[in-house]
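My request is simple: use the sequences and hints to build the entire structure.
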Amino acid sequence: RKEVEQDPGPFNVPEGATVAFNCTYSNSASQSFFWYRQDCRKEPKLLMSVYSSGNEDGRFTAQLNRASQYISLLIRDSKLSDSATYLCVVPSGGSYIPTFGRGTSLIVHP
Amino acid sequence: EAGVTQFPSHSVIEKGQTVTLRCDPISGHDNLYWYRRVMGKEIKFLLHFVKESKQDESGMPNNRFLAERTGGTYSTLKVQPAELEDSGVYFCASSLWTTKDTQYFGPGTRLTVL
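Chains as they are written, first to last, in my numbering: chain A, 9 to 118; chain B, 107 to 220.
Warning: the hint list may mix true and false statements.
If you want the footprint, here are the derived chain A segments under chain B, 3+ residues with CB under 8 Å [as the list claims (entries may be wrong)]:
| no. | stretch |
| --- | --- |
| 1 | 51-62 |
| 2 | 103-110 |
Cut-off 25 Å, straight-line C-alpha distance, at most; resulting in silico cross-link-like pairs (DSS-like, lysine-lysine) [what the hints assert, rightly or not]:
| no. | chain 1 | residue 1 | chain 2 | residue 2 |
| --- | --- | --- | --- | --- |
| 3 | B | K121 | B | K150 |
| 4 | B | K184 | B | K150 |
| 5 | B | K147 | A | K50 |
| 6 | B | K121 | B | K184 |
| 7 | A | K53 | A | K10 |
| 8 | B | K184 | B | K157 |
| 9 | B | K160 | B | K150 |
| 10 | B | K121 | B | K147 |
| 11 | A | K53 | A | K87 |
| 12 | A | K50 | B | K150 |
| 13 | A | K53 | B | K150 |
| 14 | A | K53 | B | K147 |
| 15 | B | K184 | B | K160 |
| 16 | A | K50 | A | K87 |
| 17 | B | K147 | A | K10 |
| 18 | B | K184 | A | K50 |
| 19 | B | K157 | A | K53 |
| 20 | B | K147 | B | K184 |
| 21 | B | K150 | A | K10 |
If you are wondering where the hints come from, they were derived from the structure by calculation, not from laboratory data.
Idealized CB from N, CA, C, for every residue including glycine.
Pasting the structure below:
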């Protein structure tokens with residue numbers, strides 16, 4: 009099993025839709041979790057961090073389920089500008105090496 | 107505040123040549139990381155500096171890769187000699203605190219080895 013797994017998508021949704029991505033992780037000792045957004049040929053940029061059960065920022069909600077070892081990202085009222093790849097990052101191992109998922113591609117269309 | 111900067115943005119070299127990538131972290135960030143993304147794969151950790159010390163270099167693929175951070179400011183990543191499989195995007199990131207903290211990424215260096 010990969011340390012961090014994501015459904016690559018693409019998720020193709022209309023503007024205004026609600027979409028959710030999941031990310032599963034294998035290291036039960038992981039304590040912090042991150043969602044990054046990466047636009048085509050650009051660097052990853054932090055979207056949200058999750059240290060406890062969840063986090064909310066405007067249209068974006070991240071939730072952590074420690075029992076099932078996954079984190080989710082919910083985007084409400086999708087905008088065209090939300091089109092990007094969403095990367096799940098979980099610091100893992102003894103020295104908490106940031107481990108990336110392959111990313112989930114989101115395409116929001118008019 | 108200036109973000110993480112990387113130089114060059116692109117590099118095209120031939121197999122067997124040497125290339126040196128540079129990263130300038132956000133001022134005051136003691137933690138500096140190098141990552142690589144090979145086409146079609148996820149971003150992979152290469153190594154982590156705390157100030158000038160290598161904290162973790164478990165992700166370095168082999169001894170053709172040498173990273174330095176003299177003085178604890180900017181860092182260089184040298185590939186010598188370059189091989190075809192070294193092609194990819196090399197990202198640098200920095201953070202204020204530990205690896206569990208938010209990291210800020212540079213724009214990356216796209217390396218192509220022919």
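Worksheet item: If you check each hint against the structure, which ones fail?
Response: none
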